[in-house]
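2 protein chains.
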Amino acid sequence: MFYIGVDIGGTTIKTGVVDKLGNIVVKSAIKTENIAPELQMQKVGKQIEKLLQSSNLSFDDISGIGVGCPGAINGKKGIVGYSSNLKWTNFHLKDVLESVTLKPVRVANDADAATLGEVIFGVAKNYGVVILLTFGTGVGGGIVIDKKLYEGTNGMVSELGHITLKSNGIKCGCGRRGCYEQYASATALIRQTKSAMLKDKNSLLWSEVLGDIDKVDGKTAFTVAKQGDKTAKKVVDKYVSYIAEGCLNYCNIFRPDAIVFGGGISKEGEYLTEKVVKYLEKYEYGYKGTPKTEILTAMLKNDAGIIGAASLVAEEF
Amino acid sequence: MFYIGVDIGGTTIKTGVVDKLGNIVVKSAIKTENIAPELQMQKVGKQIEKLLQSSNLSFDDISGIGVGCPGAINGKKGIVGYSSNLKWTNFHLKDVLESVTLKPVRVANDADAATLGEVIFGVAKNYGVVILLTFGTGVGGGIVIDKKLYEGTNGMVSELGHITLKSNGIKCGCGRRGCYEQYASATALIRQTKSAMLKDKNSLLWSEVLGDIDKVDGKTAFTVAKQGDKTAKKVVDKYVSYIAEGCLNYCNIFRPDAIVFGGGISKEGEYLTEKVVKYLEKYEYGYKGTPKTEILTAMLKNDAGIIGAASLVAEEF
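Chains A and B supply the protein sequences, listed in that same order.
Numbering of the first sequence is given in the numbering used here, commencing with residue 1 and proceeding in unit increments.
Numbering of the second sequence is given in the numbering used here, commencing with residue 1 and proceeding in unit increments.
Check the hints yourself; a few may be wrong.
The list treats identical chains as interchangeable, and a pair is accepted whether it falls inside one copy or across any two copies.
[Stated by the list, open to error] Computed list of lysine to any residue pairs in SDA-like fashion (alpha-carbon distance at most 25 Å, straight line):
#  : residue 1 : residue 2
1  : K31       : Q42
2  : K148      : N126
3  : K77       : P104
4  : K20       : F59
5  : K292      : G81
6  : K230      : V277
7  : K238      : E208
8  : K76       : K125
9  : K292      : W88
10 : K292      : D237
11 : K278      : N154
12 : K171      : K292
13 : K171      : V277
14 : K278      : G175
15 : K76       : K148
16 : K282      : S84
Just so you know, the hints here were simulated from the structure itself, not pulled from any lab data.
Bound-form chain A, shown alone (with noise of 0.2 Å):
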């Protein structure tokens, strides 16, 4: 039995057939319409078609089909109640997509689906309880609790960014003050290493983007840091105990048996999650009583969209 993964994305939606061990078949990418929805799941069922003929599949083959989205999902009912993104509003995509396969149809927020998929498929393989957290352009997440996606009533839940670091501190684009993402994500990294730049003109982080401030992204400190820069290790350490400090939140609620690192920042791997560790040991509520939380790398890489969106029908089928 196979399973189908389709990660609808601003620009393209790609999708793909997915072994029970995780591995991608065989996968294509068509691109993302401005047209209506209905219209555009067509297109993703013709799409779904020709990766089945090409493989010697047919529809029989597959036990359901799992669409990671992004926006605001009602995961139960299966309809994107908003996606800025797509510009979809209340579509009902599960009945849609439905409809066009004739195949049991699961959706969820494109960032759950990757929990999943580190769950099901990744890293978090034989761990209970979950938490992904993506330190990208913001903060994201989700929650996996025993091989279940946490999805609440009516869906639009984990917005793990989103808990206060700071009360009164940094505006959000939430329309809140201080959240974790303003001071966690690789954009306020990258605020964080400008800033301790110009106070330091003699920082080789200076080299490191030959003299072009505007050069600096979410490696430029770490890279700069391991070299022995003093200015760069400040920046690390005050952003990496940010990470800690939301992690520690996670850890004091959730007690998870794995906290995963994704997006552009968790390329850092060991060299951060140890940071991290230390944070934690020092920190958490009654640490030496308390179950340890391991924290991971997410192992799924380009195709995380894929395969986390297949994990959707793999847990339930």
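Model the placement of chain B on the given structure of chain A, informed by the hints.
Quick look at chain B alone, frame taken from chain A:
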């Protein structure tokens, strides 16, 4: 069929026979003694036996025994990992009480049991995802998802007062700085009230406590604010914003159907909850599009411990 609820506290053990509707049929209290926990459980067994006799019931009429206990509990295994109040360490309560009573026993942290009690028998019936927050000496709580207590893999979960409100803020007993509990507990409110009084010698807060600042309690600021005192109003508004900020975090994570307020401060009822709702309306992530969270006041008062404990087995059996 009836349930037994056992509420173990530092000074007394309250036990009751509870019916299917959550009414206490009969109850009693015995002293918590400084004896081996195994012996204490034998006494609880006798306590239950007497209660059943006094109400013309037998062990055959009860489906199970629920136990609420302060401290770090592994509910799945029924082990009290550590309870500073009781000075018990790694005590296999479930196994011992089952061997004494020959009935199924389920153990949970007392705040977790209280949360489930409100869901099964109290104000939060018919709500899917429910979070209880108690504002007393500290801030505690519990999480119930689809009528199931969230217990994690190894327990010791839901330290809901220990998430950051102010990174690097007021030092917390847990070893960290800036925890929610340091701003939103009754203890914090008392500190905030006193601090405001020292800055405004003309505030009615002073006459409320007959000039004795040591008489300030969790009600003082609320009482005087309702009389129109400007300083007291400021204290209450700021305090409520702290309470609300933590609620907002839990909304963004869980999108719960209800948050239930317990503990001393919850006696302020709608005066408090309405202010919190207004704050959420203003700041919740994507509020207009998100499912609403109701803010409720706990219903089970003095007997919440017994009824909460009984709900542990009402759920399971």
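Legend entry - Alpha-carbon proximity between K282 and S84, which holds within one copy, between copies, both or neither at 25 Å: Close across copies (21 Å), not inside one copy (40 Å); limit 25 Å.
Legend entry - K238 and E208: within-copy, between-copy, both or neither at 25 Å Cα: For K238 and E208, the Cα distance is within 25 Å only inside one copy (20 Å; across copies 45 Å).
Inset, instruction - Up to 25 Å between alpha-carbons, please classify K171 paired with K292: within, between, both or neither. - result: Only across copies: K171 and K292 sit 23 Å apart there, 33 Å inside one copy, limit 25 Å.
Legend entry - Within, between, both or neither: K20, F59 at alpha-carbon 25 Å: within (16 Å within a copy, 49 Å between copies)
Inset, instruction - Up to 25 Å between alpha-carbons, please classify K171 paired with V277: within, between, both or neither. - result: Close across copies (21 Å), not inside one copy (28 Å); limit 25 Å.
Inset, instruction - Indicate which option fits the pair K230, V277 if close means a Cα-Cα distance not exceeding 25 Å: within, between, both or neither. - result: within (22 Å within a copy, 46 Å between copies)
Legend entry - Intra- versus inter-copy proximity for N154 and K278 (alpha-carbon distance at most 25 Å): Classified as between; 21 Å across copies, 37 Å inside a copy.
Legend entry - Alpha-carbon proximity context of K292 and D237, limit 25 Å: The answer is within: 22 Å in one copy meets 25 Å, while 38 Å across copies does not.
Inset, instruction - Check K31 against Q42 for me: Cα-Cα at most 25 Å, and say if that holds within a copy, between copies, both or neither. - result: Classified as within: same-chain Cα gap 13 Å, cross-chain 70 Å, threshold 25 Å.
Legend entry - Intra- versus inter-copy proximity for K148 and K76 (alpha-carbon distance at most 25 Å): Classified as both; 12 Å inside a copy, 18 Å across copies.
Legend entry - Status of G81 relative to K292 across identical chains (alpha carbons, at most 25 Å): between (37 Å within a copy, 14 Å between copies)
Inset, instruction - At 25 Å max between alpha carbons, let me know whether K292 reaches W88 within a copy, between copies, both or neither. - result: between (41 Å within a copy, 21 Å between copies)
Violated hints for the displayed structure: none, as all numbered hints are satisfied.
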